[in-house]
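**Student:** Given next are the chains, with one letter for each unit.
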Amino acid sequence: MSDLWSRVEPLLAGVERPTRYINSEWGARHGDADYRVALVYPDAYEIGMANQALQILYDRFGAIDGVAAERVFVPWTDMADAMRAAAVPLYTLESCTPVSACDLVGITLPYELTYQNILEVLDLAGIPLRAADRAENDPLVIGGGPCAFNPEPMAPFFDAILVGDGEDAAAEIVSAHRLAIASGLSRAETLAALARVPGVYVPALYEPQYEDGVFVGVTASADAPAVVRKRVLADLDTYRSPICTVVPFMDVVHDRAGVEVLRGCARGCRFCQAGMVYRPVRERSADSIVRDATAALQCTGYDEVSLTSLSTADHSQLEDVLRRLSRRLEGTGVTVSLPSLRVDAFNVQVARLLGGGKKTGLTFAPEAGTQRLRNVINKNVTEEDLLRTVTQAFSAGWRRVKLYFMIGLPTETDEDITGIGELVGRVFRAAREVTPPGERGGMRVAVSVSTFVPKAHTPFQWEAQIPLEEVRRRQALLRASMPGKGVDLSYHDSDVSFLEGVLSRGGREVADVIEAAWRGGARFDAWTEEFKPQRWAAAFEETGIDPTTIANRVRRVDETLPWDHISVGVTRAYLRIERDNALAAQTTVDCTFDGCTGCGVCGSSLVANILAGERRG
Amino acid sequence: MADTTFRLRVRYGKTGRLRFLSHLEVVHGLERAARRAGLPYAVTKGFSPHMKISFGPALPVGTAGLGEYLDVWLRSYVASEDALALLVGASADGLAPEAVRYVPDREASLGAILTIAKYDVVLEGGPALPEGLRSSFAAIIAEGVLAVEHKGKQKIFELASTLPKEPVVSTDGGRTTVGLTVRIGERGSLRPEALVTAALTREALDGRIASVTRTELLVEEDGSWRAPL
Ligand code: SF4
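Keeping their order, the protein sequence lines are chains W and L. Mapping of the first sequence onto the working numbering: position 291 corresponds to residue 291, and the numbering continues sequentially without gaps. Mapping of the second sequence onto the working numbering: position 43 corresponds to residue 43, and the numbering continues sequentially without gaps.
Here chain W stands alone, though its shape is the one from the complex (with noise of 0.2 Å):
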């Protein structure tokens, strides 16, 4: 294997940040290996080393015999353009091999403003991006992660996409592979293997079909199946959460510890696609989490663990583990954090023994200003419940808190808007209430608004998303609504929510758009500063695609959607049943503390919910 290091070195004094691109950091494995996976993260070195399904796949990948599993990230424009000077190709970090002599480019496709990233890195890595142009010799370039459960705007760059969970799916895919070289099969045939590897698509399989320029569905080839369905792991704990991950030496974001307390939500939040797509809900025993929280901590030398899920409240036994893990870490400064803590399930205890807690501040979510439209979006949050948790929280102590809210969602009116400004002004005063005097001007309540996004596999899959004009003009009459002392309010970028709607909800076609605009100059959309929406309206007219009709169109709810050949359980019928609970204002209740509400995601895949004690409401 080329170790292409002394061709690297080079170039590292005239770049910014170099410790992104020089490996060497405690817990990085090396290895000889016949069988190499690149694994990708299609953004900066410091936004992906946060990532936690990242070091899942490290871990599993380096399992496997003979496999050795390395990371890429995507170089900063000052670093790409030293590459391509050089004409050095994009490498692994661990052995600086060049990412298209490795046997598998794993590339995660986390939210869809990294999609031209990945093209990116193949371009640097020197891979043909259509799947449809590579050669028998190049790698295999599959995907997977958030975004898999759309997969159609990136389908054409990828071999394959793996739809779910990766655990058990890492060794599979691989070992059709091995297979398949042993047995020297062609790239097409290679190809036809993996889409039997259950939750496995293979995009050249899968012809789209139009009549009279509508999408009327896919045809799938006679070696592959109709519908993927999504990979579930059964049971969390069947591997242990990640113990000796790579330890950045670079400052990341989210530098610290990390295990998976639990994987799904079935709160129900209807604008939710990961509360959707991840189900069932499956908690990690108290045992585990005190036992890997622990190891992970002593094995990387962090000064914080953070017990990280989609809802980490909801676990049924966090405050016996927050016990637990505070008594073992008394006196060390080492903290226990958790990504955010719900409206209705704070409580001061639990936010005492997390003890960093109250420099940080709290976030809450009510999401909309009214509880009409919260029973619309199924957020089981009343203002009561708001103001109870904040007037607990400023009476223990605290001086900030977050909230979030969304604009945009289905039957919101003025009146929902303008009450987001009467519930931050209300929330601000029973704050005020229970603060002494002397401290008052150090309250703070930030607010922060984004646009609301119409996800694949939710209820409001078939909405329209509001067109730019109307996102201003309901910005507008927010910021006359809200108190103005105390608040700092801050938007989403509403021309990153409209992108971000195009691709999520987009077709095939809208590969070519993301060619274009990358081919334009578009990286790092994500990075505010390096968003520029004139590349992609320039990628839209140049392909001739009216972006409009794919965020801002109301669907038939019988049309036929570009994912429907994905199946993440959930049913179609539960969806438009949901969908009409929304429109009626009607709540659904959680499936976890009461029964099963029918979405069909247990007896598809043959799951459950697995929870480690019993939920209190």
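Quick caveat, the hints were computed from the structure, so don't treat them as lab data. Just so you know, nobody snuck in bad clues.
Covered stretches of chain L, as calculated for chain W (at least 3 residues, CB under 8 Å): (1) 24-32; (2) 46-60; (3) 85-94.
Quantities reported herein were computed from a predicted structural model and do not represent experimental measurements. Positions of the beta carbon are idealized from the N, C-alpha and C atoms, including for glycine.
Place chain L with the ligand on chain W using the hints.
**Tutor:** Here is chain L with the ligand on its own, set in the frame of chain W:
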């Protein structure tokens, strides 16, 4: 009694690929190594308790260091050879502890006592480079002051105090090495690249800096120099 701590001084190197780390990255990396080593480190009191540790003068990104220092305070005594073995076992290659010794707690901070730094600056360039550098340095020193621009600010260095020894230029094959001894003043120190670049520019010499290594840090006491450990 409960508050007795033991001040352990650690000499470490920042070499190889890890010379590209920033000072903050070095700090994080070594704090984590101390935690992995399982040393009974003391924790500061107050709102956000953290490890009691302090570092010598920072090294910039790209500059290697052969003898860098930190002090870490321990809650209980660990034999120095054991402490060193634990640290070495928990450290990445390239950022590795090499020697340790307990020092009196009343001693001033590393930042205050480490005032002499020695550097090797390696250059690539034409055959006339060594001689050119020698005469250029002599001319600069004769002027007595050096003005350096850094990040838009100008700093003036009094060379009589900043350069306690004259630069030594030596050659080995195609490479020229400049040995510099710099006194770290209260208001910052002269970066070796700045002095060497000034020398190159002054006589329009054909040369390029290939690497910078801080080889030693010393304590200056009553006119003589000693190693801090
Ligand atoms: S099938 Fe029933 S129990 Fe299973 S996740 Fe769906 S609603 Fe919950």
